[in-house]
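Participant: Please model the entire structure based on the sequences and the hints provided.
2 protein chains.
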Amino acid sequence: MNEGVEWAAHVLLLLDWVDSDRPMSTTRLAAGYELPPPYLNKQLQALVRAGLLTSTPGARGGFRLARPLDKITLMDVVTAIEGPDEAFRCTEIRRHGPGRDAPERVYDSPCAVNAAMRRAELAWRQALAEQTLADVQAEAEAHAPRLGEQLRAWHERT
Amino acid sequence: MNEGVEWAAHVLLLLDWVDSDRPMSTTRLAAGYELPPPYLNKQLQALVRAGLLTSTPGARGGFRLARPLDKITLMDVVTAIEGPDEAFRCTEIRRHGPGRDAPERVYDSPCAVNAAMRRAELAWRQALAEQTLADVQAEAEAHAPRLGEQLRAWHERT
DNA sequence: GGCTCCCTACTCGGATAAGACCTGTCCGAGTACTTGAGG
DNA sequence: CCTCAAGTACTCGGACAGGTCTTATCCGAGTAGGGAGCC
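These protein sequences, in sequence, are chains L and E.
All you need for the numbering used here is the position in the first sequence, starting with 1, plus 120.
All you need for the numbering used here is the position in the second sequence, starting with 1, plus 120.
There are no misleading hints in this set.
Just so you know, same-sequence chains aren't split out, so a pair can sit in one copy or run between any two.
DMTMM-like mimics (lysine to aspartate or glutamate), calculated; alpha carbons at most 25 Å apart, straight line: (1) K191 to E241; (2) K162 to E212; (3) K162 to D141.
Source of the hints: derived by calculation from the structure; they are not laboratory data.
Facilitator: Structure, rendered in structure tokens:
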């Protein structure tokens, strides 16, 4: 899986934690997490295209959350970065398999292998869709109550 | 996801369908599905290493099922081809994030993002582990009852 | 002093290279069958 | 005719290139703020 998924999740959480009235630039976000700025910018653009962030160009510009965290699921983040394609793609090799020249078409029904793999992938997607970033944030704060405070302090300091 | 997963599943099913007393060579399997023989051989070697197939070298050699299909889950197949690594790997970027220099270690607890992603991936793995290749085969035969018959005929013919 | 205009600095956005993994290929080690000679 | 042994053909196994996607980078378009000039 793409590494940008992790970056995107942490950036979205941070943007909510600091809750600034002005957008935050790629430069500050990259400096905060010690990430390569241009590449992080690329991932952020993907989030903008997916509608999770809004961007304001020009000086004093940057990125802002497009909607509250309880309206953003992990599925949204993964889809924004990885794209909408399924991980397992059926190439219908059975149609090139033995019996491909048989007069009766036994391969008109859906491929059972593909069906089984899709069921598993659907379970994954559902588990992702059931968890919002607000849930993740709450879990993080449950383990480290002073986390939000520290992040806001960093935001004021720098 | 690796394309070899699909190939492996179909090959394992075929080996059970024809139920030959002699092993089947890479050449025949590749010819049957119109796949590049050397590359298919590579995937089959992975299945041997994972203990799903047994190989007999030399002339008249080939591959044989190591155990019945109801003892092989889709999880086994995916793990054999893709390896045991998780799709989402947490790089702990929060430790390089804001507050990394804070005296109090707020990051000693597990990363909430990682925990959430692991939950989703666990759902995927469980769904894979719950489905055996025998189930998949039964589903295929339910849609196409004459499939096994055709495959055995192909096996006798060639 | 206040307003206007221009200039500078900064930031997003997309187009552009380097690296890693998946895909595809080749050749050597080993085994079973075949075939010929010898008893 | 039977036995035996060498040769041969075939197959697995691992080592070796090509292609595509991820990772990383750079530069141009556009905007906000600041400062100088003018009224």
